[in-house]
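Residue numbers (the working numbering), protein chains in the order written: chain A, 1 to 330; chain B, 1 to 536.
No lab work stands behind these hints: they were computed from the structure.
A portion of the hints provided could be inaccurate.
[Unchecked claim] Derived DSSO-like pairs (lysine-lysine); straight-line CA-CA distance at most 27 Å:
(1) A:Lys-220 with B:Lys-349
(2) A:Lys-196 with B:Lys-405
(3) B:Lys-416 with B:Lys-428
(4) B:Lys-433 with A:Lys-196
(5) B:Lys-274 with B:Lys-428
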Amino acid sequence: MTAIAQEREKQSLLQWIKKHGSAIASLGGLVFCIIFFTIGTGMKGESIWSGDKLSTLIGDVIVTALMAVGAVFIYSLGNMDVSIGKQVGLYSTLLVLIGNATGSLLLGILACIVIAVIIGIINGAAGELLHMYSVISSVVFMMVISGITTIIYSSVGSKNISLTGIDLSFFRSPVNMVIVLVIEYLVIGYFFYFTKFGKYARSIGANQTAAAQSGVNIIKYRVIPYIFLAFCLVTASLFQMGYTGAASDATGTGFEMNVMVSLILGGMPLKGGMKSRLSCAVIGALTFSLLAVGLPIIGVPTRMTFMIKAIIFLLVVLITCRQKNGPLPR
Amino acid sequence: MCHLGKNDDILYMDQGKKRYIHSTTDESLKSGTVQMEKEILFEAKHMRKEFGPTVALKDVDFTLRRGEIRGLVGENGSGKSTIMSIASGMQPATKGEMLYKGQPWKPGTMVEAQDAGISMILQEANTIPGVTVAQNIFSGHEAEFSRFGLISMPKMKKEAQKVLEHFGITHIKAGEMIDKYTFEDRKLVELVRCVTDQTEILVVDETTTALSLEGREILYKLIHKMADSGKGIVFVSHDMDEILEQCTDLTVLRDGEIIGHLTREEMDAPDAVKTIRYMMVGREIGDKYYREDYDTSHRDEVALELEDVSLGRIRHFNLKLHKGEIIGMGGLSGCGMHDIGRIAYGLEKLSGGRVVRNGQEIKTPLQAINNGIGYISKNRDTEALILNGPIQDNIVLPSIPALIKNTFISPRAEKKLSDREIDNYRIKCHGGKQYVNTLSGGNKQKVSFGKWTAKGSEVIIMDCPTRGVDIGVKQAMYSLIEEMKKQGRAILMISEELSELIGMADRLIIMKDFEVTHEVERSPGLKQTDLIEYMI
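Chain A extracted, bound-state conformation:
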């Protein structure tokens, strides 16, 4: 091989690495965590891949992953939804209350879907119609739902409610969790990659003006991703409530941050656009949960795990979100 050919090959490789830097960093992070915790937990005489630990890991990852898969649609628009956690809390509460009243989950699921879709439509349309950042409307919903949840628990007279008389074993099986996640991933993946809904969402995130001039109905295709998210949130709520068989006024608190951190760890561009990938949701959620489950096993005190997670999060943000050029001075 000539020197020029070698140099060219080196440059091509560098270009490829540069182009896929975010994906490599996120996948690399996951692989690193897997190797690190396999060795680390092994040295402590435990294995993160043992039956009970794996079950804990899947239980931890499932709710975040189910929410994050739907949230990819929102983030691809360049939007953010901070009402996710409170929504999951509300739907979990409704599932318990309606389940106890009717003896079935079906009516609760339908009610949650209707509410979630209505919230999604308002959340999606408000930003565009009222010319404000979409996150603002989600903050409003976060506060409103928080208020509703408080009212519900005040009227019940307890901070915890449990579902009785309904078999929830389906939602506690790790195999079922994985199957549902795969199904949700495939369904959302189909809409995200192979239909106009995903293509238009990514176009809007990349350049809304160009998308509008190319015939994309901005309001409509800003709203539809929220409807996909609504279904994902109800599914996540089912597993959240089903895993414990209960709900409380604190259910869902901070979930929106878990989703955001997972997506960023997974390599999702916060500005959305064409580089948005569905795999970010699963890679990120897995990395996030591995840290949550693995760090205590290797002996890191719980209070330190948050610090370590924060440092890793900061590192990923620094690697993936660097701005190449600043404004030019005079």
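Starting from the structure of chain A, add chain B where the hints point.
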């Protein structure tokens, strides 16, 4: 005498006659013998730049001397912008070395280059929105107006106004928000920001197409003044007339290589334009450039109608565009012609009148597209294209509804459609997955054309369609527009280049101050001078 060709063949122009010699070693010929006595300001040696598998520059040697206004011409993707973008710190070279004022030069950022005296004005807008003109001009230099950590805005505004007036720009007010000004005016603000007393080399990269007539005059005066005071100018443009009028020297590139240099005397030769075109394209362009026929006939059916349209200062505007007709709209930038294009596409909410196609009122771009109307925006990078997206996604975006089968969009069908347009326009890329922001200006424009030909639009509104496009592609686009006319498509061509309107349109409408001042049919005797009086 001039010399062109590459590797073995050097074509001499000697007293108007072409002579070939065989030379691979005579570097003095390639680098321009007449220039020896002037001090070298910037030098690039064996410069190479690769973008993945695409080689943008191949072992290029380039020299700029004090007092030169060096024109750089070449087809889109020939590498002319790449050389100076490396020199001005926008991107690093893959290989090679640079010398600036005799010292090794390797800028890390554009800021570093600008502080050292190399400034580049880019083709697209580079101002900061949401702040004043003064804040744009002194961006990064706020400390000069700061006392005890507080910036004195009145002082900054006063100084900015002084700088603007120094450049001969009186209509832009330093205290106004930048967003209030047109694209052309923002370009002037950018110019003022870039050029300082420390500027030694000014790179003007296809900027003039984004400037108004007055703006161009300001720029021309500035570059000549700078050259007279011993600075170096690199002037990248597709406008041959402008290059021949303004430049002291010319370098021609093709496919990432320098093909030859021309001195001022050689640029004055009678067949200079033909020679340069040959050097740029590597083949005879031929005499056919615009339409050769003077047949203004078209079909009777009206393809698009603007009925008594009013918007802002545009009052009661009427237009009937027929099938198989090309209407050209000309005037100075800001005369209202660009607004007419936006109105016709449903982008503006009218205060009166309506836009009609096939009996249906057009109120939104979606309605326009569904009724077979396509629109190529003047603001290519911000409105027409998704820069941070693949070529394929850009081309197929308006055609997505046609590709859907039971909600499913086949990746194969998308690729087929995109590849067809990439082939049609000979877009220089290594596939539809390549991102648009890695393409040269002309190739980007080809993508925005491809969007609408892929869609099969019956009416196409083109606002400055050949802006930043080289002559080879222009020729191809003109023949494509002619072909569209023959197919019965209706074209509304809005342009600041009168020559292309005269060359292509069946009917010309000239606007001034938001009103139609003249309307004329295509004819062999029609000249630019006949129209200019209605524009100014």
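Hints, verified against the model:
no., hint, result
1, A:Lys-220 with B:Lys-349, "holds, 19 Å"
2, A:Lys-196 with B:Lys-405, "holds, 11 Å"
3, B:Lys-416 with B:Lys-428, "holds, 17 Å"
4, B:Lys-433 with A:Lys-196, "holds, 18 Å"
5, B:Lys-274 with B:Lys-428, "holds, 24 Å"
No hint from the list above goes unmet by this structure.
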